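Sequence order for the protein chains is A and B.
With numbering that gives the first Met the number 0, the residue at position 144 of the first sequence is 143, and numbering never jumps.
With numbering that gives the first Met the number 0, the residue at position 225 of the second sequence is 224, and numbering never jumps.
None of these hints come from the bench; they were simulated from the model.
Just so you know, these numbers come straight off a predicted model, no measurement behind them.
Check each hint, because a few of them may be wrong.
Unchecked claim - Straight-line alpha carbon distances no greater than 25 Å define the calculated BS3-like cross-link-like pairs of lysine-lysine that follow:
(1) Lys55(A) with Lys299(B)
(2) Lys118(A) with Lys156(B)
(3) Lys329(B) with Lys118(A)
(4) Lys435(A) with Lys213(A)
(5) Lys103(B) with Lys435(A)
(6) Lys222(A) with Lys350(A)
(7) Lys329(B) with Lys438(A)
(8) Lys213(A) with Lys357(A)
(9) Lys55(A) with Lys156(B)
(10) Lys329(B) with Lys213(A)
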Amino acid sequence: MDVLFLSRVQFAFTIMFHYLFPPLTIGMGALLVFLEARYLKTGNPVFETATRFWTKIFGLHFALGVATGIVMEFEFGTNWAAYSRYVGDVFGSALAAEGIFAFFLESGFLALLIFGWDKVSARMHFFSTVMVALGSIFSAIWIVVAISWQQTPAGFVIREQMTPRGLVRRAEITDFWAVVFSPSAMNRLVHVLIGALIVGSFFVLSVSSYYLLKHRHEDFSQKSFSTALVLAAAASIAILISGDFHAREVAQYQPAKLAAFEGLFTTPQGGAPFHIFGIPDTKTKSVRYDVEVPGMLSFLVYRDTSKPVSGLDKFEPDTPPVLLPFFSFHIMIGLGTLFILLTLYALFLLKRGTLFRKRWLLWVFVFVVIGPFAANEFGWVAAEVGRQPWIVYNLLRTSAGLSEAVRASQVRGSIAMFGVIYLFLFVLWIYLLNDKIQKGPEPASLPPRTSIEGALDAASRYAGHTDSLTEDKERKHARPDF
Amino acid sequence: MDLNLLWYVLLGVLLTGYAILDGFDLGVGVLHLAARTDQERRMMMNSIGPLWDGNEVWLVTFGGAMFAAFPNAYATVFSGFYVAFMALLFALIFRAVSIEFRGKQESAAWRRFWDYSFCLSSGLAVFLFGFAAGNAMQGVPVDAQGVYAASIFDQVKPYPVLVGLLTLAYATMHGAIYLYLKTEAELQQLVHRWMWRGFGLTLVLYMLVTIFTLAGIRHATRNFEEHGWAWIIVVLTVLAFANIPRAIFLGRPFYAFVSSSLTIAALVFLFSFSLFPNLVTSSLSPEYSLTIYNAASSHKTLTIMAIIALCGMPFVLAYTAVIYWTFRGKVKLTEHSY
Chain A
0 MDVLFLSRVQ FAFTIMFHYL FPPLTIGMGA LLVFLEARYL KTGNPVFETA
50 TRFWTKIFGL HFALGVATGI VMEFEFGTNW AAYSRYVGDV FGSALAAEGI
100 FAFFLESGFL ALLIFGWDKV SARMHFFSTV MVALGSIFSA IWIVVAISWQ
150 QTPAGFVIRE QMTPRGLVRR AEITDFWAVV FSPSAMNRLV HVLIGALIVG
200 SFFVLSVSSY YLLKHRHEDF SQKSFSTALV LAAAASIAIL ISGDFHAREV
250 AQYQPAKLAA FEGLFTTPQG GAPFHIFGIP DTKTKSVRYD VEVPGMLSFL
300 VYRDTSKPVS GLDKFEPDTP PVLLPFFSFH IMIGLGTLFI LLTLYALFLL
350 KRGTLFRKRW LLWVFVFVVI GPFAANEFGW VAAEVGRQPW IVYNLLRTSA
400 GLSEAVRASQ VRGSIAMFGV IYLFLFVLWI YLLNDKIQKG PEPASLPPRT
450 SIEGALDAAS RYAGHTDSLT EDKERKHARP DF
Chain B
0 MDLNLLWYVL LGVLLTGYAI LDGFDLGVGV LHLAARTDQE RRMMMNSIGP
50 LWDGNEVWLV TFGGAMFAAF PNAYATVFSG FYVAFMALLF ALIFRAVSIE
100 FRGKQESAAW RRFWDYSFCL SSGLAVFLFG FAAGNAMQGV PVDAQGVYAA
150 SIFDQVKPYP VLVGLLTLAY ATMHGAIYLY LKTEAELQQL VHRWMWRGFG
200 LTLVLYMLVT IFTLAGIRHA TRNFEEHGWA WIIVVLTVLA FANIPRAIFL
250 GRPFYAFVSS SLTIAALVFL FSFSLFPNLV TSSLSPEYSL TIYNAASSHK
300 TLTIMAIIAL CGMPFVLAYT AVIYWTFRGK VKLTEHSY
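Just chain B, same shape as in the assembly:
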């Protein structure tokens, strides 16, 4: 395994971690308005209250790692998707402050404003991630200089929008399963209904996206032909996906959550595997694509970065586990809650 491939994998790990962790946070946000009472909405916010900030760091680190390991891709993607990234920042800013501000005043109007802000900003963020992935799969007109100049109107096409809807559905399902683990009584029953709805929506959209990907994107299965072992992941995805309703039905929501997380990990894998070795596929010419080889920083930098990751990430994983363990169990509102 060379350094470039290693960093492609590490970026994939960071993206997977982010998708699983902020996936449920953002999912809770999307579901927020399904709860009706102030009490219920507080419970929902507090189920992620201690955790969402640490979860968002996975995105920040993913961005920083992309900047460090594949600066050409980072530069092309972020500037090329200017309007989409600004919209994402808008969404993430409002998600953050909605959680922080909502409980600070008693007024119903105040709380309702932040409820809508929390829900819509979470939904927008999740949608945009799928939207970006969809555009990445399709390929974008990167020119010979590695520059991608486009307007948002070029980017809003049916396929990316469909993938955006898929991630939205996924967040709903994943967030609902998480909430099911964290809530009790009526709120849990409400969430139970949304788990099934989320699962159904995700299933339908997953199949649609799969069909459109196989039909519409010629290079999608290129790597699968060369490396047949990857089909195992497809099989495992189906099994994990099937386990979600099974686990819910058997009353073992934790396994549903694990299965849901595994399907997310598998989706990121399939996406990355399909894209490999491209980071940004050029729809103009394959020579213009930014790959993990031509968009990378120097060998020495990749080595230094690998050492930094090796030193730092074990600690991160360890204390993150401790923190999650501390906040296990059902949500209870205390004086410290939002």
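Chain A with its partners taken away, still in its complex shape:
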């Protein structure tokens, strides 16, 4: 296995593990804003309980997102040094902007969100929640700007310079706003953000269903479930529309990628079909076990079922692999369709009032949360493998972006390191998540009653060194209902 393959595998692995967390953070961030707003408006304590509960889980996901995210920023430099030299002007700027406008905002105000409940006014706390949610969205904006520039470069010029180190080519910004609004940026941003709302809302649905099935925290769960269901349904439909816009933009700017998505090896005379099912065969250049809708791809792209869509033959020899993009694209769409059907059906039952009695459906919601995680990941696999062999589309090949100085043995070592660490973190994440869900929306940490240390712990928690144990306490130090 050569250093190129290893570096690609490492990047794919680290980014896919990282991508479990930010969409969840973005989706839950929106939810927290909504719940806390409801609490401020209605004063209903269920909303406060809900906010505090989901905030704890949010904190866990945020920390994992940060821990795995810093890896990504470093990895451009460690494994893709030549790429970094080529795109530093553009990509680096977007990343720095992400730091300045997004990371500081969300990480800073996270302090007040998680620890500031009793330190600031309710309004200030809500403001902090909004800032954290906004920060996560700003973060998505800038990273999508960077990635979209890779896919559909704009607002730049390639400068060649003769330097002491030989001929150097790199991209330089000519128009900042053209970089930000590159052809695929807004489509991708909308698609990614809705995908985040879907995973966030399905996550809430999963936890709420579990509680409903166990007949625990029923008021809390019914409210959480109903709210999340409406959001999940709306987002599932919205992402289909967004996907349509996005795919048409791919057809225009990255036609080879679309051809790979649909296993379109040769350009047809007339309309191109859309495959509901199939297994592409690169040897015979066909799609086997094919279940297709004739002319459908042409219709989706051009609104004309007989207009030919470019096949991979038009882009030889720079064609992407077919299997991974084809399967990823179709699985993503399949899952998306499932989400629409499932949420609409559940909404229908909710209106009828029979939803919470259908235990089989609640169990479905407990487990189907894996679906949005998978759909988000498969979508990215399709987008990123579909752009091969380019790392900057039509300008720089992936193989040319590799670090000159790094050897295969080093990358084998780092892949092993990430493999072990991330497996460990994954197991702990599931374990701690389950633990928190089992404990439920109760006071954050009940003092343990079984040890001297625990008793001392509890005693010290309720008395600061400057407080008296007998006089009236300020609200700040004693919350008997918690």
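With chain A's structure known, arrange chain B on it following the hints.
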């Protein structure tokens, strides 16, 4: 002042901010095992609980700014120090999750695991920063293509290791002073002892590093000869450094913290000033060094980046100040604490 110099300065500001802020976080981590009881260890973690994440962003932004402003240097350094950067990522990941995970279970074995993880990962991270600085001062074999291919074994030399120990000592001192501000009673007394130990260690190592730098690195004082005003910073460093034990002795720990922060800022300045205009000094030939001129992105990009920084950083500083102000005072464990 040209744009390249401006960005060198801004990177220095980001690095200084990071060193001062994550310096105390990581220092608290290094000191973590000095505390014995669960209660004390919780106090230590919660002294930085709300703040460490925002502090780490200074590093992320420093990296992003380096990528944007000096992409050639970013690429050469990160790929050349591959193993060291992977070790740094290992350390930073574990520092982050140690804080987040430790309090989630009551089990003593669980908590002890994360205590060790927190301490060792913080120590490793701090050491690696010094190690990197030491290598930067010495110079590394960057070739004509601007590529630096090396193995970790080439990089582990006495001088970088010594600088790594210096940053480790610094973090211990800086973290201890911070903890002294945030704690009370027995824990504060424990921390008091570590403040003095940290100060002593830092003083000794600072002098050693200074001696080895002046003796071993020929180009270290090159810029000082041309720009004599920089010696003022050296004098101020000595004064600030002397003020640390004075402030501790006079029972004014906040001034000790300020002085400690100033010495860190001064150290970053001296390091940057010494390095200037190089970002990566080539030990093969001065022509191969990556400077703020030959490793930079285009003029337009530097301008755009400057505008972004100008728009964004005032907000960052403002709300960071507000957040620090909110968490002033002694650590108190509440239901929201780790």
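Between Lys103(B) and Lys435(A), does the CA-CA distance stay at or below 25 Å?
Given pair Lys103(B), Lys435(A) holds - Cα atoms ~9 Å apart, limit 25 Å.
Within a Cα-Cα threshold of 25 Å, do Lys329(B) and Lys118(A) meet the stated pairing?
13 Å, holds
Would the hint linking Lys55(A) and Lys156(B) be met if the CA-CA limit is 25 Å?
45 Å, violated
Under the criterion that the straight-line Cα-Cα distance not exceed 25 Å, is the pair Lys55(A), Lys299(B) satisfied?
44 Å, violated
Pair hint Lys222(A) and Lys350(A), alpha-carbon separation not exceeding 25 Å
Measuring from Cα to Cα gives roughly 14 Å; hence the hint holds.
With the threshold set at 25 Å, check whether the alpha-carbon distance from Lys329(B) to Lys438(A) stays at or below it.
Measuring from Cα to Cα gives roughly 30 Å; hence the hint is violated.
Mind checking the alpha carbons of Lys329(B) and Lys213(A) for me, to see if they're no more than 25 Å apart?
42 Å, violated
Quickly compare the C-alpha distance for Lys213(A) and Lys357(A) to 25 Å and report which way the hint goes.
13 Å, holds
Decide if the proposed pair is consistent with the structure: Lys118(A) and Lys156(B), CA atoms, cutoff 25 Å inclusive.
Roughly 48 Å between the alpha carbons, so the hint for Lys118(A) and Lys156(B) is violated.
Lys435(A) and Lys213(A): Cα distance at most 25 Å?
Cα-Cα ~15 Å, so holds.
Checked against the numbered hints given earlier, this structure breaks hints 1, 2, 7, 9, 10; the rest are met.
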